[in-house]
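**Student:** So that you can map any letter, position 54 of the sequence shown is 53 in numbering that gives the first Met the number 0, and since no number is skipped, the others follow by simple counting.
Rather than coming from a laboratory, the hints here were simulated on the basis of the structure.
There may be inaccurate statements among the hints.
[To be verified] SDA-like, lysine to any residue: derived pairs with alpha carbons at most 20 angstroms apart:
no., residue 1, residue 2
1, K28, F6
2, K46, F26
3, K18, L36
4, K46, G62
5, K46, D20
6, K46, F6
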Amino acid sequence: MTYLLGFIFMVLGVFMTVKSDWFLQNFGKSNWAEEHLGGDGSRSMYKILGVLLFFGSLMAMTGTLGNIILGIFGNLFSGLKQ
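Please model the complete structure; the sequences and the hints are all you need to start from.
**Tutor:** What follows is the structure, given as structure tokens:
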């Protein structure tokens with residue numbers, strides 16, 4: 000099940016990156032992205048989210064996402080560290 004969901008989210012990430020215009024037309028512009036990412040910020044935001052979704056789901060499929068999250072935030076939750 001992990002591999003199936005990971006593959007679905009990887010495809011969604013690629014779709015968000017390649018078809019960012021479709022997302023822009025259907026979901027609209029983000030005022031925050033337009034202000035902080037430049038003139039075409041919403042399109043860039045959809046592309047960045049797509050790339051993050053792709054690599055995040057790839058790491059979740061291979062089992063490295065949990066280790067990375069614990070490595071970054073492990074000091075905050077010292078009882079969770081292995």
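**Student:** All the hints need checking, so say for each whether the structure fits it.
**Tutor:** Hints, one by one, checked against the model:
no. : hint      : in the structure
1   : K28 / F6  : violated (28 angstroms)
2   : K46 / F26 : holds (14 angstroms)
3   : K18 / L36 : holds (19 angstroms)
4   : K46 / G62 : violated (24 angstroms)
5   : K46 / D20 : holds (10 angstroms)
6   : K46 / F6  : holds (18 angstroms)
Hint compliance for this structure: hints 1 and 4 are broken, all remaining hints hold.
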